[in-house]
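As a plain string of letters, each chain reads:
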Amino acid sequence: MRRKQVKWKHIWIHVCLAAAGIIVAFPFLWMLTNSIKTKDEIWQMPPKLMPKAAQWVNYQDALADGMFYKYMWNSSYTAVITTAIVLVNSALFAYALVNIKFYGKKILVIIITLTYIMPVAATYIPSYIIVSKLGLMNTHLGYILSSSVSIFNIFFFWTTFSQINDSILDAARVDGAGHWTIFTRIVSPMSVSSYVTLGILSFIGNYNNYLWPSLIIKDKEKYFVSMGLRTFFSSDGAYGMQWGAIMAACCVIIFPLLILFFFGQKWIIKGITNDAAVKE
Amino acid sequence: MKRMKVRNKKENLAGLLFIMPALIPMAVFWIGPVLYSVGMSFTDWDMISDHFNFVGFYNYISLIGQHDFTEVLWNTLAFALGTVVPSIVLGLLAALALNLAKRSSGFYRAVIFAPYITPMVAVSIVWSWIFEPRVGILNYLLGFLGIHGIEWTQSMDTAMLSVIIVTVWKQIGWTMLFYLGALQKVSANLLEAAAIDGADSVRRFFSITLPMISPTTFFLLIITTINSLQAYDQIQVLTQGGPAGSTRTLLYYFYQEAFESFNTGKASSVAVILVILTALLSLIEKRASKNSVYYG
Chain A
0 MRRKQVKWKH
10 IWIHVCLAAA
20 GIIVAFPFLW
30 MLTNSIKTKD
40 EIWQMPPKLM
50 PKAAQWVNYQ
60 DALADGMFYK
70 YMWNSSYTAV
80 ITTAIVLVNS
90 ALFAYALVNI
100 KFYGKKILVI
110 IITLTYIMPV
120 AATYIPSYII
130 VSKLGLMNTH
140 LGYILSSSVS
150 IFNIFFFWTT
160 FSQINDSILD
170 AARVDGAGHW
180 TIFTRIVSPM
190 SVSSYVTLGI
200 LSFIGNYNNY
210 LWPSLIIKDK
220 EKYFVSMGLR
230 TFFSSDGAYG
240 MQWGAIMAAC
250 CVIIFPLLIL
260 FFFGQKWIIK
270 GITNDAAVKE
Chain B
0 MKRMKVRNKK
10 ENLAGLLFIM
20 PALIPMAVFW
30 IGPVLYSVGM
40 SFTDWDMISD
50 HFNFVGFYNY
60 ISLIGQHDFT
70 EVLWNTLAFA
80 LGTVVPSIVL
90 GLLAALALNL
100 AKRSSGFYRA
110 VIFAPYITPM
120 VAVSIVWSWI
130 FEPRVGILNY
140 LLGFLGIHGI
150 EWTQSMDTAM
160 LSVIIVTVWK
170 QIGWTMLFYL
180 GALQKVSANL
190 LEAAAIDGAD
200 SVRRFFSITL
210 PMISPTTFFL
220 LIITTINSLQ
230 AYDQIQVLTQ
240 GGPAGSTRTL
250 LYYFYQEAFE
260 SFNTGKASSV
270 AVILVILTAL
280 LSLIEKRASK
290 NSVYYG
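Sequences listed follow chains A and B, in order. If you read the first sequence in numbering that gives the first Met the number 0, its first letter stands for residue 0, the second for the next number, and so on. If you read the second sequence in numbering that gives the first Met the number 0, its first letter stands for residue 0, the second for the next number, and so on.
Simulated from the structure, these hints should not be mistaken for laboratory data. For every residue, glycine included, the Cβ atom is placed at its ideal position computed from N, Cα and C. The reader is advised that the hints may include incorrect statements.
Here are the simulated BS3-like pairs of lysine-lysine, each with C-alpha atoms no more than 25 Å apart in a straight line [said to hold, decoys possible]: (1) Lys-51(A) to Lys-38(A); (2) Lys-9(B) to Lys-104(A); (3) Lys-100(A) to Lys-8(B).
Pair by pair, the computed Cβ-Cβ distance ranges are [said to hold, decoys possible]: (4) Leu-140(A) to Ala-243(B): 36 to 42 Å; (5) Leu-16(B) to Ile-258(A): 36 to 42 Å; (6) Ser-154(B) to Ile-128(A): 36 to 42 Å.
Next up, chain B with everything else stripped away, as it sits in the complex:
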């Protein structure tokens, strides 16, 4: 009994020593700040003056009443949906094709993954030149298909689409890689047995492969959603939230309120709303996956 206690103490001490190096920065730069943000969201602080007042839910209420904030919320959801779904679908398609190709698949895999490792700022600058409405290569190429005069980042109608294209382009390699791993683990025996039973390849994909890789789909759904809610670099380079606020997402709005207008209190409440939205979307995705994710 006594020996047991000594052992527990030793284990506790070891645990503490092992977690400390990460726990300290986590507490100082993550957990503390998040709680602090929640507190500040109930104030009217401006980051410079010594005094601030508690204003209760004023920041939240005024945000919700604001017309352009509703637009920011819609932009955020549109951007999330517009990047998450194509990133996952195209990543899966790329992985399936690579799996079937076998020969020289390593080369294609490297090419498709390459955008993921490059700085978003640099590739956004390159894309901004590709999107250039008059002399950009994209409009030139679209001209052959009879499509003319798209203004891309300079029009309210297509600016969001432009930002989405860049984001998806950069992210496909990432989702593809996770799917490649998942596909390797799909049981070949099971697929063969189904083939012998007469299931064609479409049927095999939907009744065997897709369910078996569903944990990866769920994981990627959460990860890409979180990423999309935090997108900043590409918006900053391509559109700065414009034109007329059409690409201003929650995070971008937060940045402007916090570090351009110094409305610290209001910006904190935007950050808290961002946290709530992230949690909400993750929760919805978890709910939705409950019946469809297969845990082997």
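With the rest of the complex left out, here is chain A:
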């Protein structure tokens, strides 16, 4: 009797999960099938899930001028550099907060806690002016420099590092190890999963970024993927004349992220479910 009940419960949960999974995944599925439909099939009512024959020509249309390759390159390389910078400087910063007793630490903690809840929009106008004063308007360097700090990363590392057992660090100190040695040889190797998690999340955040880069980057040649896609979407005057090609372009720019996600999933989940970022 009881066994039967448990079995039913399981079936119910799987039904609910499957339903949720289909609903959540549907927009991706729709994007994929629409990217290989003809114009008539896209506008067809009632809609059909699959096209009669796959129209790869949509991909050719989207990629013909080679701009999307350029956008993806721009987004990828700036995201890699920005990610590398924010990983290193956030980890150093967090290490100092946890393990170094220095003057002004208390004030610093208050400042970054306040900055954590600060809407980034409050910085846009002055940052825009600073970037242009530095002569970096319309350059990728301007984007990289202005994005080279991540408060979220600092908090995440802060929590990770404070969970490391003090006795290990004390033993190293007794052996005469300095902060640099402790940071590079002990604390960092013990926090690899945080590095990977934040590395992937920072890369994704920068790759997808839209508002701030669109303020400081003007040339189409230098666009990031979201800006390029947005322009492609609203070009030709009428929205929706080229749905097939637009969906194809969406698929193309999402593809590298899905690959990254496929390989990085395990790390992201491990990193976040360890609850590193939850700090009271």
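Based on these hints, arrange chain B on the given structure of chain A.
Quick look at chain B alone, frame taken from chain A:
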């Protein structure tokens, strides 16, 4: 004593060297600009001319008196409430279901998390096609339930709902992941003891699980609130703040004032109001959680 002093000096120097690489960009592109924004909010600068005047609280007073600004504030709160609550509740439900399912939960977890990693601009474009009132798939499917003719992003009544749906859809995976971590830490012994004492599963959830994961709930409440106040991409793609300003939030209004109308002074005061609102909401959430968050 002397040795102590030398050690302090060394520690201070090490601290400085370690914080510098992040502190410099933080000062230049975060803290400085926020203070600068506050200053500019008391001027009538237009970003182009060399001169500007100090106008005191004029920008703030004129904003508050403006009818459409009140609407912007309401939109912002509606959007915040409409995205924060469902994101947290649905994320928790997904995590609970995954926890119970065990088999193939990794697959569902990946599917539900996938929207989080995709560019908001791209998925908003896809959604705009799903929402299309005449040939969109959503209205077609709703037709089977006898629901017809919803205009989604093109009507004042449903535009906000459309933007909320996309935002929640993208965010559930994120909250779910944090809850999965929290649920793993809920003591199995405690749950078992309660079960032996005769508490049914509903009771166990409300008196043990929910209190034990409350720090995560609090953290997610703050994070999703901050995110919702900064939403831009989906609004820009789906509605551009319309129709008739019905999806114009504070951030969107700020963007329009700052980078479309170049009312730098006025836009800065909007940014400052956004900061105040964020702080206020965080504070309210902290207050509310004081009695209900369990710190084990």
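Taking the hints in turn, this is what the structure says about them:
no.	hint	in the structure
1	Lys-51(A) to Lys-38(A)	holds (12 Å)
2	Lys-9(B) to Lys-104(A)	holds (15 Å)
3	Lys-100(A) to Lys-8(B)	holds (10 Å)
4	Leu-140(A) to Ala-243(B): 36 to 42 Å	holds (41 Å)
5	Leu-16(B) to Ile-258(A): 36 to 42 Å	holds (38 Å)
6	Ser-154(B) to Ile-128(A): 36 to 42 Å	holds (39 Å)
The structure agrees with every numbered hint stated previously.
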